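Residue numbers are given in UniProt numbering: position 279 of the sequence shown equals residue 279, and the series is strictly consecutive.
Simulated from the structure, these hints should not be mistaken for lab results.
There could be a bad hint or two in this list.
20 angstroms max Cα-Cα, derived SDA-like pairs, lysine to any residue [as the list claims (entries may be wrong)]:
{"hint": "1", "residue 1": "K3", "residue 2": "E36"}
{"hint": "2", "residue 1": "K3", "residue 2": "P258"}
{"hint": "3", "residue 1": "K3", "residue 2": "P35"}
{"hint": "4", "residue 1": "K3", "residue 2": "A42"}
{"hint": "5", "residue 1": "K3", "residue 2": "T48"}
{"hint": "6", "residue 1": "K3", "residue 2": "P40"}
Predicted, not measured: the structure shown is a model, and the values here were computed from it.
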Amino acid sequence: MAKPPRIAGPVALPRRPRIAPPPGAVDAHAHLFGPEARFPYAEGRGYTPPDAPVEAYLALLDRLGLARGLLVQGNAHGFDNAVLLDALERAPDRLRAIAITDTRIAPETLRDWHRLGMRGLRFHEHMAPPGYVRGVGLEALPHFRGVMRDLGWVVQVFCDHRRLPAIAADLAAIAEEMPVVIDHMLAVPAAQGIADPGFQALLRLVGEGLAHVKLSGAYRLSDRFPDYPDARPFHDALLAANPERLLWGTDWPHTSIPAAIMPDDGALLDLFQDWTPRAEDRARILVETPSRLFW
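Let the sequences and hints guide you as you build the complete structure.
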């Protein structure tokens with residue numbers, strides 16, 4: 001099998017943000033990769049990342065003035081969450097994590113992971129070619145639902161915007177038992193505009209308090225590097241809908257983004273703060289909501 005293409009790594013030394021984030025601020029979406037010699041990459045992955053180990057991530061938090069981080073299992077490691085479990089053991093006060101796994105794992109295993117700092121499972125509602133490891137869909141949730149409910153875990157969903165209207169009612173039902181978190185503002189192409197049916201379904205869920213959304217990955221909506229102005233209407237609409245259901249994350253190390261347009265993490269934090277002008281909203285999004293959900 002041909003080795004998947006190697007992708008670019010993140011900006012090595014991002015700028016420091018112009019505005020210091022509030023004390024206790026959380027990066028609510030980042031990934032770890034490798035080192036490959038210790039944590040091999042999965043067969044069937046869509047890309048081969050350069051190593052982005054926990055030491056580099058903790059240094060990023062320090063540089064940006066962020067207290068803590070939420071790690072999310074990355075596609076390159078498939079269903080082997082060892083890289084996250086290792087990081088949680090090494091930095092238990094600063095890190096929490098979201099796993100990806102399938103039903104070969106016994107639900108009771110989640111209790112062991114919880115003691116280390118795992119706080120949820122991520123589900124993918126995307127189309128993927130055969131053999132491509134891209135997580136599991138919500139059809140796997142019943143296997144874990146009882147234990148996740150008992151532990152107060154989060155159901156995190158990386159969802160195609162075209163798929164959300166069909167599953168919105170299911171997510172609302174899940175939200176009666178445990179928090180639901182949607183990734184990357186639903187990654188709606190900016191050209192679709194906020195009238196996109198998927199985004200409108202998302203706004204209803206957020207407005208009714210039935211879903212949380214990560215204000216991350218503006219560069220996954222827009223190709224207008226480096227300030228992504230056409231992504232701002234999505235941010236603004238979510239902020240207006242319900243600031244108590246929002247989180248922010250770097251999405252470090254920015255998988256599958258070409259080196260020439262690799263976002264600077266300090267610039268992304270500045271962009272969030274520019275787009276979120278009220279200090280009380282920034283504190284709620286960066287500190288209060290992630291602390292409630294994950295700590």
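Hints and how they fare:
1. Restraint check for K3 and E36: the C-alpha separation of about 14 angstroms stays at or below 20 angstroms, so the hint holds.
2. Restraint check: the Cα-Cα separation between K3 and P258 comes to about 18 angstroms, which is no more than 20 angstroms; the hinted pair holds.
3. Of the supplied pair hints, the one linking K3 and P35 holds, its CA atoms being roughly 17 angstroms apart against a limit of 20 angstroms.
4. Taken as a hint, the K3 and A42 pair is honoured in the structure, with Cα atoms around 11 angstroms apart against an allowance of 20 angstroms.
5. A C-alpha spacing of about 8 angstroms is found between K3 and T48, which places the hinted pair at or below 20 angstroms, so the restraint holds.
6. Our distance criterion of 20 angstroms between C-alpha atoms is met by K3 and P40, whose separation comes to about 13 angstroms.
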